[in-house]
Amino acid sequence: MALQEHAIKEIKEIVDQYKNEPTPLMMILSAVQTKFGYIPMEAQELISEETGLSVAEIYGVVTFYSFFSLKPKGKYIIGVCLGTACYVKNSQQVIDKFQTLLGIKPGETTPDGMFTIDALRCIGACALAPAVRVNDKVYPQVRVEDVEKIIDDCERMEAAKNEKGN
Amino acid sequence: MALVNIKIDGIEYKVDSSLTVLEAAKQCGYNIPSLCSFNHGKCSKASCRVCLVEVKGARGLVASCVYPVNDGMEISINSQKATEARRVSVELLLSNHNQDCQSCRKNQNCELLRVAQLVGAREGMFKGEKTPTTYDDLSPSLIRDTSKCVLCGRCIEQCKSVQGIGILGFENRGFKTIVGPAYNKSFNNVACLQCGQCVTVCPTGALMEKGEIDKVDSAFKAGKFVVVQTAPAVRAALGEEFGMPIGTPVTGKMVTALKRLGFARVYDTNFAADLTIMEEANELLERINNGGKLPMITSCSPGWVNYAEQYYGDILGHLSTCKSPHEMEGAVIKSYFAEKNGIKPEDIFVVSIMPCTAKKFEKERPECRGVNNLPDVDAVLTTRELATYIRRAGIEFNRLPNSEFDQDIMGEYTGAGVIFGATGGVMEAALRTAYFWLTGENADSLLKCEPVRGLEGVKEASFKIKDMDVKVAVVSSMKAAKPILDDIRAGKSPYAFIEIMGCPGGCINGGGQPYVRSCMLPNEDIDIEDTYRAKRAAALYSEDERQTVRRSHENTQVQALYKEYLKKPGSHKAHELLHTSYNDRGHKLK
Chain A
34 MALQEHAIKE
44 IKEIVDQYKN
54 EPTPLMMILS
64 AVQTKFGYIP
74 MEAQELISEE
84 TGLSVAEIYG
94 VVTFYSFFSL
104 KPKGKYIIGV
114 CLGTACYVKN
124 SQQVIDKFQT
134 LLGIKPGETT
144 PDGMFTIDAL
154 RCIGACALAP
164 AVRVNDKVYP
174 QVRVEDVEKI
184 IDDCERMEAA
194 KNEKGN
Chain B
39 MALVNIKIDG
49 IEYKVDSSLT
59 VLEAAKQCGY
69 NIPSLCSFNH
79 GKCSKASCRV
89 CLVEVKGARG
99 LVASCVYPVN
109 DGMEISINSQ
119 KATEARRVSV
129 ELLLSNHNQD
139 CQSCRKNQNC
149 ELLRVAQLVG
159 AREGMFKGEK
169 TPTTYDDLSP
179 SLIRDTSKCV
189 LCGRCIEQCK
199 SVQGIGILGF
209 ENRGFKTIVG
219 PAYNKSFNNV
229 ACLQCGQCVT
239 VCPTGALMEK
249 GEIDKVDSAF
259 KAGKFVVVQT
269 APAVRAALGE
279 EFGMPIGTPV
289 TGKMVTALKR
299 LGFARVYDTN
309 FAADLTIMEE
319 ANELLERINN
329 GGKLPMITSC
339 SPGWVNYAEQ
349 YYGDILGHLS
359 TCKSPHEMEG
369 AVIKSYFAEK
379 NGIKPEDIFV
389 VSIMPCTAKK
399 FEKERPECRG
409 VNNLPDVDAV
419 LTTRELATYI
429 RRAGIEFNRL
439 PNSEFDQDIM
449 GEYTGAGVIF
459 GATGGVMEAA
469 LRTAYFWLTG
479 ENADSLLKCE
489 PVRGLEGVKE
499 ASFKIKDMDV
509 KVAVVSSMKA
519 AKPILDDIRA
529 GKSPYAFIEI
539 MGCPGGCING
549 GGQPYVRSCM
559 LPNEDIDIED
569 TYRAKRAAAL
579 YSEDERQTVR
589 RSHENTQVQA
599 LYKEYLKKPG
609 SHKAHELLHT
619 SYNDRGHKLK
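Order-wise, the sequence lines are chains A and B.
In this note's numbering, each residue's number is its place in the first sequence (first place is 1) plus 33.
In this note's numbering, each residue's number is its place in the second sequence (first place is 1) plus 38.
If we strip away everything but chain B, and leave its shape as in the complex, we get:
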C-alpha cells in the first residue's frame, strides 16, 4: 500500500494512493455527499454530480467519487465554489423530483433528503417541466416510482454485479431518461428475481418493497386470528432501525413488540426451519439411496427459486421439493395448529416477518396453498416494514423488556434453525441431522462447521459420513451460482448437496433488511458497508451457541408434530402440506 500526501482545505494527510478523492476524504474524517458512489468508487458512474470538489490545477470542479488521489494533491471541499456547485447539483436533482417527502416511506432513510440538508438546498430554485414518469406496482414484491429517481445507476450496477443478470437499465436519453426493465416493463413481466438487492442501494424512494401493513390492519379489523412468525435474520438486523449498533441481536425485544402489537401468537420461523431440515435431509437421503437426481439444491430462498425457474428451467428437478420454512410454518398453522385449537383455517391470518422482498412474491404462488386451497401465508412484512409498524404503534422499542416466543405446540426451536439466516446455515443444519440419521450418533464437529461458514460466494466442503464421502457446496448470489449451475446442466457437478441463497451473504443481507449506507450511520465504523454482513451473521451464530438444543431432529415439538400428525418425514401428509413444485418460466424477458 503506497501512501501519498494530500491536502484537504489546507490540512495535510497521508492516504492510500489507490483511493478516490471521496474515499480518501472519508478516511480523513470528511463526508463528501454523494448519491451515486458505490462499491468504493469501483462502480461509480459520477452521474449525480453531488460530490464535486475543487482540486488545484484540475480543469473545473471534479467528481470526487471517481477522481483518484495523487501525491501533492490539494483538495478543497469547503471552498465557496465547491459548496455552491454541490448545492446547485442537488437543487437541479430536486427540480425533477416529486418531493412528496412527508408521505414517502423512505423518508427516514432517504439519502437525497439527507444530502439536500447537508448542502443547504433551497426550495423551488429551478421550476419547470418534469420528466414523464412511470409508477409500477404490478409486482407483489417491488415498486418502481421513477418520479423519485435521480438516475444514479446504482440499482443497474447492483443487479448486474450481484445477481449477474442486469434486468434494469437506462432508457431513452437526455431529459426523457428513466431507469427500468427493458421496454419500461413492470418487474412482474420480466425475468426479475424480486430479490430487492436494487432496493437496498437506491438512495431515494424510487425503488421500494411493496408495503403490506394495510393488509395486516384489515385482518385485525375483520376479527381474524392473526398469527405472526419471524425469520431468523430479522432479529439480527431489526435493532439497526432503532439506532442500535449493527450486529445487535434483538430477539427478546422483537417478541415483546409483536405481542404488544396484538398478534394472537408470536412464533419463530425457526420451528419450521427445523421442520424443513427433517424434510430436506430425508429427501436428500432418499435421493442418494434411490438414485434420485443429484446434486439436490435447497429451495428456501425464493429469489433463488425465481432465478432457477426463469434462467435454468431445465434443471428444476435438482431443486428440493420442500417449501420454504415460512410457507411450511403457515401450512402447519392452518392445519395442525388450527385443529388443535379448534379454529377454522379460514379465520386464521398468517403474517411473516421476513428479511426478504421475494417472499412477498412467493406467498402469492398457487403452489403455496395448502389447507382448503388457502394461501399458507397471507401477508409478508420486511424487517423495515416491521420497524415502521412498531413505531406507528407508539412502541419505544429500545426500552422494551425481553420476552419469549409463544411456547405452545410450535414454539420450540433449535440452534440449527437460527443459523438458516446466514449463508451456509441450512447446509450446516442439514449436515447435523443427516449425520445423525446415517450414523446414529451426533458429531460435535458439525456444531461449528467452519468450511461452510463465511461470506464467500462459493464454499466447498467434503464430509466423511460412515463410508460415504459427501461433497457439498454453499453458494450465495446468482452471479456466484451461475458456474455451479452450468456444471449441473453439463452433467459434471461433483456435489451431492448444494445450498443456494439468492442474496450475497444469505438472508442477513436480504432485500428487506435495514439499509446500510455508511454516510447515514455516523456511529458505525467507516468500513461498515464491508463488515455489516459478518456482524449480522455473528449475531445468529451466537444465538445458535446459546441454545441448549442445536440439532433439528432433537426439537421435541417437531417430533410431536410428526408423531401426532405428519407420521414421518416425506409422508403423504407431509407432501401435501410441506412440499411444492416448480415451473419453467424461461420465456420471461431477460
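So here's chain A without its partners, still in its complex pose:
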C-alpha cells in the first residue's frame, strides 16, 4: 500500500520542520503519530529517505515507545493505567472488563474502528487511581461496574457527532 499524495507532502513538511534539530527523530515521529494516528511502514521508509536514518533504527524507536503505533488506532483510545498505584486498586480487573466487552486485547482495535485499548504505565494521575483515559478525558476512580458506562458514553458522543454532521 503506497502513501497518498497528501500524506507524502505532509510527512515531508514535518521532516523539514524538525530536520535541523540535534535529534529530530522523536519529534518527527510524534508529529506523524499525532497527525495520522499511526506510523505505517511506508511512512517509516519515507522518513528514512528524508532523514538518512536507517529504517531499522526508526522501526526500533517506533516499536520501543508505546505512544507510537504501527496500526491505525480507533476513534476512541481507551487507556487503562496499570501503573503501581492504579494496579493495586484493581485496574487489571478494569482492563479485563474492557477486553471482555469489546472483544479485543490491549493494543488492538475493534473491527469497526471505534475503540482501541491501550495498557498504560502511570499517566501521573495516581491520586485518581484507578484512572482510565479516553482520548483527552480522564475518568477517576473507575470500578469494574463503570466500564460499560464509559463505553456507552463514547457511543453516545459518536452518535451525537454523527447527527450534528448530518
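These aren't lab readings, by the way, just hints derived from the structure by calculation.
None of these values were measured; they are calculated from a predicted model.
Backbone N, C-alpha and C fix where the C-beta goes; we use that ideal spot for every residue, glycine too.
Mixed in with the good hints there might be a few duds.
Okay, the calculated bits of chain A under chain B, using three or more residues with CB under 8 Å as the criterion [said to hold, decoys possible]: (1) 67-80; (2) 83-97.
No farther apart than 20 Å at their CA atoms in a straight line, the calculated lysine-lysine pairs in the PhoX-like style are these [as the list claims (entries may be wrong)]: (3) B:K378 - B:K198; (4) B:K382 - B:K611; (5) A:K104 - B:K601; (6) B:K611 - B:K601; (7) B:K83 - A:K104; (8) B:K198 - B:K520; (9) A:K170 - A:K194; (10) B:K83 - B:K214; (11) A:K138 - B:K214.
Place chain B on chain A using the hints.
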C-alpha cells in the same frame, strides 16, 4: 598521554587517563569479562552487565566497559560483591538463551560460553518464560537465530560504523526486545550486503554464516569430480583456527589438508586473480582509449557489488564487468579444464574456500552461470568452515607437511594474484600489468607500490605511465566508499580507476575469517584487535615477495589459456565466461 594512579584489588598501577576501567585493567593484566564492549569502549553500550566491578565511592557497581578511570580510583574486580554480580548477570543472560552448546557451530569461539565458565555460572538458576525468537536462514550467506542473542548491540554498531548503513537495530522493548532488520525481515529481503561484518563481532552463535559443508559431502557422495579452490586471504588466517599466531601463512599445510580431504584437484584462486587482471586491465585500457565510462571500479568484492546494486544503482556502468576471481576460476574449470580432461561439466562440482560470506550469495546469482547454464561455483565454504571440515576429518593440521597446489593447466599463479587478499592488492596487480601493456616494459617500482598499501579506508595515488597521468583510489569499507561514490554520481570524480573492497582492510578481514577477540586469544599481544589486519596482510605481501613471477601477464598457464581457448582478453569467449552484468536493486528496504 596523561597518566593517573589507580588501585586494582589493592595493588597500585599507572594508566592512561583516557581509558575505561575495563581497558585499563586489561593493560594491567586483568581480563574483566564482557560481551558487549567493543572498539575500546568507544562503541560499548554497557548492555550486557557482565563487566561489573566495584569502585570505591561509586553508587552501586559500575559497568567497567564505559566507566572512565580517574586519579586515585580504587577498583575491585575480585570482591565478593563484584564476582557475585557478574555471575548473576551471566546466569540471567543464560536463562533467556537456548543453550544448545553441544551442537552449536560457534562452540569453540563462543564468548558467552567462555564468560559463563569464567564467572562460574551455575546451571538453571533462573527458569521461566523465554523471549519469542526468530530463526532466519533465507539468505544464502547469513543466519540469524535470536534464541542465542544476548542483545549486546555489537552487530548494530558494526553495520553502522563500518559499512555506514545500519541494517540491524533493536526492535520492541523490554522482554520482547530482539535484534534484526526492520520489521524483523530476513537479511535476504533488506538491502544487506551479506558481508558478514556483523558475524565477526557477534559474541554468540546468534549471527553466523550459512554452513555448506553438507553440500560438499553430498557432492562427494554423488560421485562428482570435486575441485576446490582457495582465495588468497584464506592462507593468511586459517592457521589461527589451529592456534597459530595471527599472520602465520599456512599455504602448504592448507593444500595438504585439502588433498587429504579427497578433492580431485586443489587449485589456487590466484590463477583466476591473474586472469581477472588480464581482463580488467584490458577493460580499463579499452575504456580509456574508447571514451568509456570512467572511473572504472573493480568488481571482485561481492559485498561491494551488493552495496552498489542496492545503494548506487545509477552508477553501475562504472563497475568493471569482470566476474570475481573465484567465479572466473569456476567458469574456466567447467569449460576449458572439463574439455581438456574429457569430463562432463555437469559432473564437476566446484568448491570455493573464501574469507567471505557474500561469496555465498554471489554464487547463487543467475548472472554467475556459464557453461550449460550451470553455476560457475557450486559451494562456498568460509575459512572458518574449512577449519571445521579439516577437524572433522581427524586431520591434525599443525603436524601436516607442506605440499604444492596442483600444477596442471591452471595451477600456476603469480605474486600479483596473491596480494588480491589485501586492500590495494588488486590495484597494485593491475598497475603492474597495465604499465607493461602501455610501455612494453616492467616497472620495478610497482613491485612494492607503497601508496596503495596500508589499511586506511581511502588511499589515493597518481602514476605517470608514458605521457598519461593515471589517478587512482583504493577504498575499503562502504562507509569510506560513500563520499567517493557521491563524487562519481555528481560527475566530479578525478580518478580513472578505483579499487573498492567491501570489508575494512580487504579480504583478509572478510566476514568469513577466523574470529579475533583479544579475550579469547591470551597468547596474542593485547592490542591484537588493532593489529591483526596488518599482520594478515603482511603474510600475503611476503608470499608475493617469495614468488619469482610477480606480474599477472607473465603467468604462462594464463597465456596458454588465452592462446588455446579464449584467444585474447575481452574476446567474445572471454565475455561469455568471465564477464557479468548488474541490476539496480535500489527498491530493497534500507
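To see whether the hints hold, each was checked on the structure:
Remark: the stretch 67-80 of chain A is confirmed as covered by chain B, as 3 of its residues place a Cβ nearer than 8 Å to a Cβ of that chain, reaching the required three. Counting residues of the stretch 83-97 of chain A whose beta carbon lies closer than 8 Å to any beta carbon of chain B gives 10, which meets the minimum of three for the stated coverage. At roughly 48 Å between alpha-carbon atoms, K378 of chain B and K198 of chain B are farther apart than 20 Å, so this suggested pair is violated. Taking the CA atoms of K382 of chain B and K611 of chain B, the gap is about 19 Å. The hint holds against a cut of 20 Å.
Proposed proximity of K104 of chain A and K601 of chain B is contradicted: the alpha carbons are some 65 Å apart, above 20 Å. The straight-line distance between the Cα atoms of K611 of chain B and K601 of chain B is roughly 12 Å, inside the 20 Å bound, and the hint therefore holds. As the CA atoms of K83 of chain B and K104 of chain A are separated by approximately 31 Å, the hinted pair breaks the 20 Å bound. Straight-line distance between C-alpha atoms of K198 of chain B and K520 of chain B comes to about 13 Å, which keeps the hinted pair within the 20 Å bound.
Simply put, K170 of chain A and K194 of chain A have alpha-carbon atoms about 17 Å apart, close enough for the 20 Å limit, and the pair holds. With a C-alpha separation of about 19 Å, the suggested pairing of K83 of chain B with K214 of chain B holds against the 20 Å cut-off. Pair hint K138 of chain A plus K214 of chain B holds up; C-alpha atoms about 17 Å apart against a cutoff of 20 Å.
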